[in-house]
Amino acid sequence: MTLSVSTGQAVDLRVQPVDEVLDRVQRSLQVGLLPDTMVRKRRSVGARTDRDTWVRIERRLLDKISDQGWNGTESAARLKGIAQPEWHGCVVWAAPDGPVMWRADETELLPGAPVGNAILSEAPELPDDWWGALNTSLDALAAQSTRRVATPDTETVTQALVTESVRGVFSGDFDTTIEQWVPAHADLNWANMTAPAFSLFDWEDWGNAPLGLDSASLWASSLAVPALADRVWHERRSDFESRDGKVMTLFACSKILGPYAHPEDPRLEPARRIAEQVIKELQAG
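The numbers in the working numbering rise by one with no breaks, and the one at position 275 of the sequence shown is 282.
Honestly, the hints are just simulated from the structure, not real lab data. Hints may contain errors.
With a cut-off of at most 25 Å between alpha-carbon atoms, the simulated DSS-like pairs for lysine-lysine come out as follows [unchecked claim]:
| id | residue 1 | residue 2 |
| --- | --- | --- |
| 1 | K262 | K287 |
| 2 | K262 | K48 |
| 3 | K71 | K262 |
| 4 | K48 | K71 |
My request is simple: use the sequences and hints to build the entire structure.
Right, dumping it as structure tokens:
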């Protein structure tokens, strides 16, 4: 296949041919990608290599690349105390026929398979030491410093974005002002962590974000399994009980209950119920 996917329009790499892109990555990194290991997502393609590493290739529109660039995986390599794949190198290039850039990052192989899809419908079996490793990594991340700003869903997180997202779904007299901004992964869900050995990957969007963003994101992706959502809340209790964590809970719920809500999403009812309770807590001060 020779059809280009480098136009400025939105494309879905799960269905678009990417042979030219794969060929370029293999030449640039001097590595062979193993076709039977290919994982194709909407904006990215990944594969194991013939030297026992992993390559993740992403396509991003120029207007989705902020001033800080989009070297999240590369810059995350300097973070300390976090279980993540070691970064080896990358190749980046501009598409010749559209406002698009491509990036391929090579990392060590993951120590296990992803826990599941981004949103789970049944509880995974995770030992206590897995949860311990999750807490250690998230706490270590939040304690570090960076000039990067998180870009969840490729959108730069700002106070204005938080307020707009929350107010667009929830009414009531409560303050959405964020008090503490800390480094966050910004795409924390069950598809970006491994088990039984814990490792956190896909660092493209990490950066400073409101305290509690990661915990709320993981909790929201667990709501279809009440016991799992409860475990996330228990493990990250200090985040959820903070004022910023409550605002982030509403922020996460707004993504479930907002204009793109699916009527059959099993998370709708628990998200509404929890949001009502959190709003009462915020109003009570």
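Quick rundown of the hints versus the structure:
1. The hinted pair formed by K262 and K287 meets the criterion: a straight-line CA distance of about 20 Å does not exceed 25 Å.
2. Proposed proximity of K262 and K48 is supported: the alpha carbons are some 20 Å apart, at most 25 Å.
3. For the proposed pair K71 and K262, the alpha carbon gap of about 19 Å is at most 25 Å, so the pair holds.
4. About 17 Å separates the Cα atoms of K48 and K71, which keeps this hinted pair within 25 Å; it holds.
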